[in-house]
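Protein sequence lines correspond, in order, to chains R and A.
With the numbering used here applied, the first sequence has no gaps in its numbers, which climb one by one up to 837 at the end.
With the numbering used here applied, the second sequence has no gaps in its numbers, which climb one by one up to 590 at the end.
Please keep in mind that the hints were generated in silico from the structure rather than gathered at the bench.
Don't be surprised by glycine CBs; every beta carbon is placed ideally from N, CA and C.
Among the clues, some could well be false.
[To be verified] Heads up, simulated EDC-like pairs for lysine to aspartate or glutamate below, C-alpha to C-alpha not over 20 Å straight-line: (1) R:K710 x A:E535; (2) R:K680 x R:E483; (3) A:K587 x R:E483; (4) R:K692 x A:E539.
[Stated by the list, open to error] Now the stretches of chain A that chain R is said to cover, found in silico as 3 or more residues with beta-carbon under 8 Å: (5) 519-533; (6) 582-589.
For reference, the chains in residue letters:
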Amino acid sequence: MTQKRRNFLKKLIGTSAMSVLGTEIVFSNNMPKGYSPVILNSLDDNALEMLKKNKEMTILSDRPWNVEAPAHLLDDEVTPLDKMFVRNNGNPPENIDIKSWTLTIEGESAKTKKTFTLEQLKKQFKQYTYQIQLECGGNGRSGFVPQASGNQWSEGAINCAEWTGVRLKDVLNSVGIKDDAVYIGYFGKDTHLSGDPKKVTISRGVPIKKALEDESLLAWAVNGQEIPLMHGYPLRLILGGWPASVSGKWLEKIVVRNKVHDGEKMDGTHYRVPLYPIEPGGKAPDSDYRIIESMPVKSVITYPKTGAMIDDGKTLSLRGHAWAGDLEVSQMEISIDFGATWQKVSLQKPKNRLAWQHWSTEVKFPRKGYYEVWAKATDAKGIAQPMVIPAWNPAGYLNNSCHRIAIKVV
Amino acid sequence: MKKIMLVAALLSMVYLASLGKITPHPYSQKAIHADSTKGLDPETGLVIAKELDMVKAQCTGCHSSKMILQFRASREGWLERIRWMQRTQKLWDLGEAEPVVLDYLSKYYGPVKHAQRRQPLSNIQWYKLNK
Numbered sequence: 428m429t430q431k432r433r434n435f436l437k438k439l440i441g442t443s444a445m446s447v448l449g450t451e452i453v454f455s456n457n458m459p460k461g462y463s464p465v466i467l468n469s470l471d472d473n474a475l476e477m478l479k480k481n482k483e484m485t486i487l488s489d490r491p492w493n494v495e496a497p498a499h500l501l502d503d504e505v506t507p508l509d510k511m512f513v514r515n516n517g518n519p520p521e522n523i524d525i526k527s528w529t530l531t532i533e534g535e536s537a538k539t540k541k542t543f544t545l546e547q548l549k550k551q552f553k554q555y556t557y558q559i560q561l562e563c564g565g566n567g568r569s570g571f572v573p574q575a576s577g578n579q580w581s582e583g584a585i586n587c588a589e590w591t592g593v594r595l596k597d598v599l600n601s602v603g604i605k606d607d608a609v610y611i612g613y614f615g616k617d618t619h620l621s622g623d624p625k626k627v628t629i630s631r632g633v634p635i636k637k638a639l640e641d642e643s644l645l646a647w648a649v650n651g652q653e654i655p656l657m658h659g660y661p662l663r664l665i666l667g668g669w670p671a672s673v674s675g676k677w678l679e680k681i682v683v684r685n686k687v688h689d690g691e692k693m694d695g696t697h698y699r700v701p702l703y704p705i706e707p708g709g710k711a712p713d714s715d716y717r718i719i720e721s722m723p724v725k726s727v728i729t730y731p732k733t734g735a736m737i738d739d740g741k742t743l744s745l746r747g748h749a750w751a752g753d754l755e756v757s758q759m760e761i762s763i764d765f766g767a768t769w770q771k772v773s774l775q776k777p778k779n780r781l782a783w784q785h786w787s788t789e790v791k792f793p794r795k796g797y798y799e800v801w802a803k804a805t806d807a808k809g810i811a812q813p814m815v816i817p818a819w820n821p822a823g824y825l826n827n828s829c830h831r832i833a834i835k836v837v
Numbered sequence: 460m461k462k463i464m465l466v467a468a469l470l471s472m473v474y475l476a477s478l479g480k481i482t483p484h485p486y487s488q489k490a491i492h493a494d495s496t497k498g499l500d501p502e503t504g505l506v507i508a509k510e511l512d513m514v515k516a517q518c519t520g521c522h523s524s525k526m527i528l529q530f531r532a533s534r535e536g537w538l539e540r541i542r543w544m545q546r547t548q549k550l551w552d553l554g555e556a557e558p559v560v561l562d563y564l565s566k567y568y569g570p571v572k573h574a575q576r577r578q579p580l581s582n583i584q585w586y587k588l589n590k
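Okay, chain A solo, but in the shape it has when bound (with noise of 0.2 Å):
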């Protein structure tokens, strides 16, 4: 039941981009990687939680939701970045928003271990090699 459920979600799906619901334009259409479906929202591929809108709002409007989604970092981290932004970036003061904003970042997109040196080799897809 679970696999028809999936095809079914999965065929809607190619209907509706086949009904130009999403219409890349060059140079500005968001192209993201989700690498789950616990809750990602399908235009930044950004973790659904209440403070989304916001980080949308103050974020994504001049950058790649990619910048977010590829970087790990500390509350204080984050505010680095902000600060940096403001700094050399012409962002704005986020005011009220910034500890929202920060609560989203630190929660989903926080520190993450590893091995201090260096890291075994992951995400190897196996292949017969033949020649």
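Only chain R is shown next, with the shape it has when bound in the complex (with noise of 0.2 Å):
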């Protein structure tokens, strides 16, 4: 289309909304506001299609993939595939061969070096499962202000599925540790988004003594099926209660280290926060800041979805979840008042440890009106969810604060 044509077009039709898809949508000025056209709408569903996710998860980013769950598709025990959140930092490895896929463990803290086929780690190793939960660090970004970067979450960076695979402790203890271990890292085959074929992802690890908990694993299926390809397909290192990132994906190498693995998203503001509660908006010198470890207590609502409204009189019923990192969590409440009175709610054990727990319970209105219900989860050591947003840090990470749902008592 020439320049000509294009201005003529313009003020013939007076909008900036030149085209679509290549052509003019005249008239684009008389769509309602708010109102988004089908086809954009349709490249999320067909994206979401084409990842084998429900249609109602959001997509944050589709370069890197990074999809959200809302908190009523959570209702679920075990998380179903189709509705565990993506948060991937570069591209998945392409044409995986799976009976040529190795994973080697090596590093200076290794007493020696081996690498392993995927069916060298199931014939030889003693084959776990365990219910997970894996939550993104920045679960819940969105509700910072000043805002941070990075993608803004809500409340679905998380799901709690069930993992098979092997202990990581036994692959270690076959290879020998020696005894100033203090870090495991691992490394992945997934790409660079420059394209760069020697820039690293992402590379990230925790300490040794995390790594050698029971339910540390090197897991090859998740719910019983192979892991989806946006997950970590063929292989991944589980390791639950911590920010999902150390759980590495495409997993190809484990390096045990003598010092805190320095790989990619080791530094600077990557899952680290200030060691002390810094202003809104605030800086602290990079000497100030922790890697962040076990995630705080959370809890979800997960029924009924956010906006019911309920004859006056009825009895709601609610329920969800309840996590604490490494910790368990040891009593769930709701309030109806916006956090004036809490009730306690029922609370089930987890599954096995670092698994989720769930919650349910019902609740009378007094009167017809608008309500919110929040969420309130208080872990082993009596540290409770905050009502409002907790410490501002520069990469918005740890808003752990109470989930909040509305209802129309009409």
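These two chains come separately, so use the hints to put the complex back together.
And the structure:
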């Protein structure tokens, strides 16, 4: 299209919404404000279908893929694959050959270097299945003011699926760990967004103590199936209760380090928070940051979906999950009066350590009106979720403020 | 009349889609959430303005336009993101394009005022619950 024609059309329709799919939408000005054109939305629908994700999932970014679940989609006790959030830093590897895939264990604090095929891992070590909560360190980031940079997660960057694999400690012990071992770090086969094959997308890790826990797995299956490509096919490190970025996907190497692992995204404000609270929008020197370890206590209301209108006098059933990083949740409460009073609700034990816990209750509302249900969990050490946004930090981690839903009694 | 024109516009969009003008390719398609139609680029969902071509050339070649769409910051805030990408993500020197890109980002994706500690619940879609 010539510039002249473009200008002519601009004058004619008086709009800057010049083109959709290479041609003009005449009268696009007449579309109601707030209306999302069908095609733009259908792109997201197509993407979710391609990713085999529930169509109610929200795409935060498509390069790299970052997709979250609205809270009501997390209602299942074991999160189904199509409702698991996706947080990728780069592009998943292509042309994966499961037969030639290997995992190498090495590093200055490994007694030797060993390489395993997936078959060898499955045959040489005892297999375990655990239900493990994985939450993005930035879950809830959208609540911070001023806005913190990164994906603007709401509540849905959490899942709790059943992972099957071998214990990381069994594999590490078969290789041998030196006494000076401090940390492990992972490397995966994902590729950097810049396309530079030499650039590492992300390479994080945990202290050796966390690596040697019973629930720390090298997993090849989730919910009894192959791990989907977006979640780390064919092999993923699973380290529950910590920022999910330590659970490295497309895993090909683990290094046993004699110092804190210094891989990509272990420094700066990556998965690190100031040692002390700073004012919103403030800064702290790099030396005053700590690596996030166990995630804080948190809970979510998964039923009903926010926005429910119920008849006056009716009892409302409520349910959801609660989790507390490495710890167990000891108490769960809800409030229907903006936190003025709280009522304890029934809370189940976790299926195994590091699994989320289910809670449920019934509530009656005193009269017609607009209500919010707030949910608050308390961990085994007596630490509870804050009602307002917790300490602001530059990269917007650890917002574990109470989840809220809106209810109208009519 | 307006309604008829709207329907016509929508039908033409659906028709064009059926012609296969957009062929979503796994892992590379550009999926976007446009929240208004006051001049949004259909390819990226970004506000159409004179700087847009430059922004697309400098930014969305490498990453999703959603990385821009979901963030709001001052000129200094956006510059900090550019510097971070240059430090760690192999972003090139933007040269003369830098002020143009910053003009655009700070104008159309500048900071918005919020409640400080907790915002009111928003975007509630009310529905009748019968259970």
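Here is what the structure says about each hint:
no. : hint            : in the structure
1   : R:K710 x A:E535 : holds, 14 Å
2   : R:K680 x R:E483 : violated, 35 Å
3   : A:K587 x R:E483 : holds, 19 Å
4   : R:K692 x A:E539 : holds, 17 Å
5   : 519-533         : holds (count 9)
6   : 582-589         : holds (count 6)
Checked against the numbered hints listed earlier, the structure breaks hint 2 alone; every other hint is satisfied.
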